[in-house]
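Student: Listed below are the residues making up each chain.
2 protein chains.
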Amino acid sequence: MAIEVNATHDPARRSWVESANEPGTDFPIQNLPFGIFNAGGHVRGGVALGAFIVDLPVLIDKGVLSDGALNAARAACGPSLAPLLAVRAADAGALRERLSHLFRADAVAGRSELSAALVPMSEAELRLPMKPAAFTDFCTSMHHIRRMSGTPDVPPRLACMSLPVAYNGRASSVVASGAPVVRPNGQFEAPPGSGNVRFGPEPMLDFELEFGAWLRGGNLLGEPISIARAQEQLFGCCLVNDWSARGIQFFEMILGPHLGKSFATTVSPWIVTMEALAPFRIPAPGRGEGEPALLPHLSDPSDQAKGGMNIELTADLITGRGAAQRIVRTNVNELYWTLAQMVAHQASNGAPLEAGDLIATGTVSGREEDARACLAEITARGTRPINFPDNTSRVMLDDGDTLTLRGKAVAAGFVSIGFGECTGTIEPARRTA
Amino acid sequence: MAIEVNATHDPARRSWVESANEPGTDFPIQNLPFGIFNAGGHVRGGVALGAFIVDLPVLIDKGVLSDGALNAARAACGPSLAPLLAVRAADAGALRERLSHLFRADAVAGRSELSAALVPMSEAELRLPMKPAAFTDFCTSMHHIRRMSGTPDVPPRLACMSLPVAYNGRASSVVASGAPVVRPNGQFEAPPGSGNVRFGPEPMLDFELEFGAWLRGGNLLGEPISIARAQEQLFGCCLVNDWSARGIQFFEMILGPHLGKSFATTVSPWIVTMEALAPFRIPAPGRGEGEPALLPHLSDPSDQAKGGMNIELTADLITGRGAAQRIVRTNVNELYWTLAQMVAHQASNGAPLEAGDLIATGTVSGREEDARACLAEITARGTRPINFPDNTSRVMLDDGDTLTLRGKAVAAGFVSIGFGECTGTIEPARRTA
Numbered sequence: 165m166a167i168e169v170n171a172t173h174d175p176a177r178r179s180w181v182e183s184a185n186e187p188g189t190d191f192p193i194q195n196l197p198f199g200i201f202n203a204g205g206h207v208r209g210g211v212a213l214g215a216f217i218v219d220l221p222v223l224i225d226k227g228v229l230s231d232g233a234l235n236a237a238r239a240a241c242g243p244s245l246a247p248l249l250a251v252r253a254a255d256a257g258a259l260r261e262r263l264s265h266l267f268r269a270d271a272v273a274g275r276s277e278l279s280a281a282l283v284p285m286s287e288a289e290l291r292l293p294m295k296p297a298a299f300t301d302f303c304t305s306m307h308h309i310r311r312m313s314g315t316p317d318v319p320p321r322l323a324c325m326s327l328p329v330a331y332n333g334r335a336s337s338v339v340a341s342g343a344p345v346v347r348p349n350g351q352f353e354a355p356p357g358s359g360n361v362r363f364g365p366e367p368m369l370d371f372e373l374e375f376g377a378w379l380r381g382g383n384l385l386g387e388p389i390s391i392a393r394a395q396e397q398l399f400g401c402c403l404v405n406d407w408s409a410r411g412i413q414f415f416e417m418i419l420g421p422h423l424g425k426s427f428a429t430t431v432s433p434w435i436v437t438m439e440a441l442a443p444f445r446i447p448a449p450g451r452g453e454g455e456p457a458l459l460p461h462l463s464d465p466s467d468q469a470k471g472g473m474n475i476e477l478t479a480d481l482i483t484g485r486g487a488a489q490r491i492v493r494t495n496v497n498e499l500y501w502t503l504a505q506m507v508a509h510q511a512s513n514g515a516p517l518e519a520g521d522l523i524a525t526g527t528v529s530g531r532e533e534d535a536r537a538c539l540a541e542i543t544a545r546g547t548r549p550i551n552f553p554d555n556t557s558r559v560m561l562d563d564g565d566t567l568t569l570r571g572k573a574v575a576a577g578f579v580s581i582g583f584g585e586c587t588g589t590i591e592p593a594r595r596t597a
Numbered sequence: 165m166a167i168e169v170n171a172t173h174d175p176a177r178r179s180w181v182e183s184a185n186e187p188g189t190d191f192p193i194q195n196l197p198f199g200i201f202n203a204g205g206h207v208r209g210g211v212a213l214g215a216f217i218v219d220l221p222v223l224i225d226k227g228v229l230s231d232g233a234l235n236a237a238r239a240a241c242g243p244s245l246a247p248l249l250a251v252r253a254a255d256a257g258a259l260r261e262r263l264s265h266l267f268r269a270d271a272v273a274g275r276s277e278l279s280a281a282l283v284p285m286s287e288a289e290l291r292l293p294m295k296p297a298a299f300t301d302f303c304t305s306m307h308h309i310r311r312m313s314g315t316p317d318v319p320p321r322l323a324c325m326s327l328p329v330a331y332n333g334r335a336s337s338v339v340a341s342g343a344p345v346v347r348p349n350g351q352f353e354a355p356p357g358s359g360n361v362r363f364g365p366e367p368m369l370d371f372e373l374e375f376g377a378w379l380r381g382g383n384l385l386g387e388p389i390s391i392a393r394a395q396e397q398l399f400g401c402c403l404v405n406d407w408s409a410r411g412i413q414f415f416e417m418i419l420g421p422h423l424g425k426s427f428a429t430t431v432s433p434w435i436v437t438m439e440a441l442a443p444f445r446i447p448a449p450g451r452g453e454g455e456p457a458l459l460p461h462l463s464d465p466s467d468q469a470k471g472g473m474n475i476e477l478t479a480d481l482i483t484g485r486g487a488a489q490r491i492v493r494t495n496v497n498e499l500y501w502t503l504a505q506m507v508a509h510q511a512s513n514g515a516p517l518e519a520g521d522l523i524a525t526g527t528v529s530g531r532e533e534d535a536r537a538c539l540a541e542i543t544a545r546g547t548r549p550i551n552f553p554d555n556t557s558r559v560m561l562d563d564g565d566t567l568t569l570r571g572k573a574v575a576a577g578f579v580s581i582g583f584g585e586c587t588g589t590i591e592p593a594r595r596t597a
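These protein sequences, in sequence, are chains A and B. Just so you know, the first sequence maps onto residues 165 to 597 in my numbering. Just so you know, the second sequence maps onto residues 165 to 597 in my numbering.
None of the hints are false.
Not the full set, but computed from the structure, chain B residues with beta-carbon under 7 Å of chain A:
| hint | residue |
| --- | --- |
| 1 | ALA323 |
| 2 | LEU327 |
| 3 | GLU416 |
| 4 | PRO516 |
Far from chain A by the CB rule (all over 12 Å, computed), these chain B residues:
| hint | residue |
| --- | --- |
| 5 | ALA215 |
| 6 | GLY257 |
| 7 | VAL283 |
Just some of the chain B residues that point at chain A, by a computed CB distance under 7 Å:
| hint | residue |
| --- | --- |
| 8 | ALA330 |
| 9 | ARG334 |
| 10 | PRO348 |
| 11 | GLY386 |
| 12 | GLU518 |
In short, the hints are calculated from the structure, not lab data. Cβ atoms here follow ideal geometry from the backbone N, Cα and C, with glycine treated the same way.
Next up, chain A with everything else stripped away, as it sits in the complex (with noise of 0.2 Å):
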């Protein structure tokens, strides 16, 4: 059941924390996003709004929150939002709406006492939500599966639309946006197929741009998460760099992807609420001719209706020279499968989902040319290389190259809010003993 449209949607409704109102700002009052910061050495949890940081114990010292907005808030308080992803849904959503009543722009008492609670985006360093329980990376573009395949003309295999696959990822790599990204060493064949084995740092560092969610606390052991009730396990979404090392993936990929995706995936600080999110849900896709019927256990009327979103993503590289290019624009729109059903997946073998899961959405490739969303697709493998004005050229990340990806959620009618930065810059391998 998807959470609906209500009065902290209103477009109609402005902050008096200007910041908050500016045109495409990512963080007006509509967005209200989880995330934890350093400010002065002491981390702890806040919520964006325009340019600032809501600080949430300072705002519970203030003494304006009560009942289930409390709890929250609480559950908000500490250096990690996994105590927040495991209170009720109803808590959450009245903090939200409690936010959204102190901050409007029609909201005339207070405001000098609220404003100590306010920290300036520009002097905060963002962490990560938390350590991810666990972490598991799923493949749902036909788009990216096609053209990876290096067959693009033949359809998928049929567990790809059958199912949503996905592979067990790792969590202790899973990074903040901003956090270096260090090329990896590894093994791999040079040149490809040779049967040449080399271990050095990888030679084809690629980006992965996909789209993934927090989970709430889940099911016991044994237990599945039916269709229907999948939706309530969401918590919020976030932007996440399935950063590639292709050589060694390559090479390694008997079992799956292993090393050459476990040194690094980063994710944009800000945990946006499916509640935030309710109003640009669109319907999921749809099952074309020749493609399988939805199996029962995937299949639920209200996915089908607002399973999708409406969310506009971009990838910008930035080499070490400074020269800029946006090399991807795409929507999770794209893909085939709707979150719901990856968790009612994941779960219909009974595997626990754990409070602080995070999951992502594989790489959010779309039908168009400048929708191809890691840089395999985009270079045909190395074979096009992008230009960039200066007369340099890439065809896999270069040490110093930043990727920075971006989100915005639109719908008519409705402020558009966006996820903040997903960006990392890569560092030269280390040195191998």
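Following the hints, position chain B against chain A.
Tutor: Just chain B now, with coordinates in the frame of chain A:
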């Protein structure tokens, strides 16, 4: 650097706890493995000794521990052994030395006091030592790889012989020995390859006899662990049953195994320390003609000399009707890669390993016919049933079947030590909604 044999391994040493001296016991005084148990509603850490558990909180209360030994015992007192894995190796070693001293047969003082710390194992419920920080499953038996490929006479792919292939498993469904294993529901083709996709109870439920290791704290993000230091990351070992739903696995496996493995993984309850295993170390397997040489980052003289282990492993299948048969006899020495190589490989890309990580070797299949260590191998994918004396047969596991793994480390001139049982009984699939 492998841990050296010392006085705690002395084969002449006996215990005043008589059951620890019985021939064939898994838990002579030379073993002293750590575990978590519940007795009287209080979950805490203990050490197996014969038919008893040394209750560590009680031992601390008796005031017989000090310094490093006390520090290690305190870290093992709670409901999880995770803190123990983070203490200094010297402290864990001091606790072992002290326990060996207190309970040896020629210790005269304090026996009646120490007896108060002995809980009969029959009155305790053994728990999972800790929730794994992460679970990584390797695939390091070339015999398993060859037989599962369907073309056993063809050498494994180059990657299998160049690196220890692995995939990330699911930590949330790792369970203690004795926990029931619910047959998972999932998607599979019926019959395989038919294109007829169904969702329902797994028709081909299998086990995999594996060996595992619990890791100490490891490396920082971006920093590998050298093969020379990888041994130090191993705290101790256990048995692992990587239950496998073959119908689900074979259908879903585009990016490796996922739901076909994540419904349950059973581990033996005791962590047999690397120190206890010191006498059983043997040379690592060499490389045969035509096989790739070890790359330097996986090659270490000490690991080559002592990276292997002589540990006999068995699997017994007991049907719901009570018919029983030993269906596997194999040995850890059949593996192509050492535990240290697995650790060094996994950290080679800079992914942080963490205290409480669980790694498993993959199916420990050997060359001999009776060393096939899963049903897919034993029954040649269902074409050669296992026949029981009561005229029943099996090609895969039925509901009500119990599968029990056991292990015994063996070396001439030393007392053998064991791991305790790793067992699970299959429960019927839950009805789908």
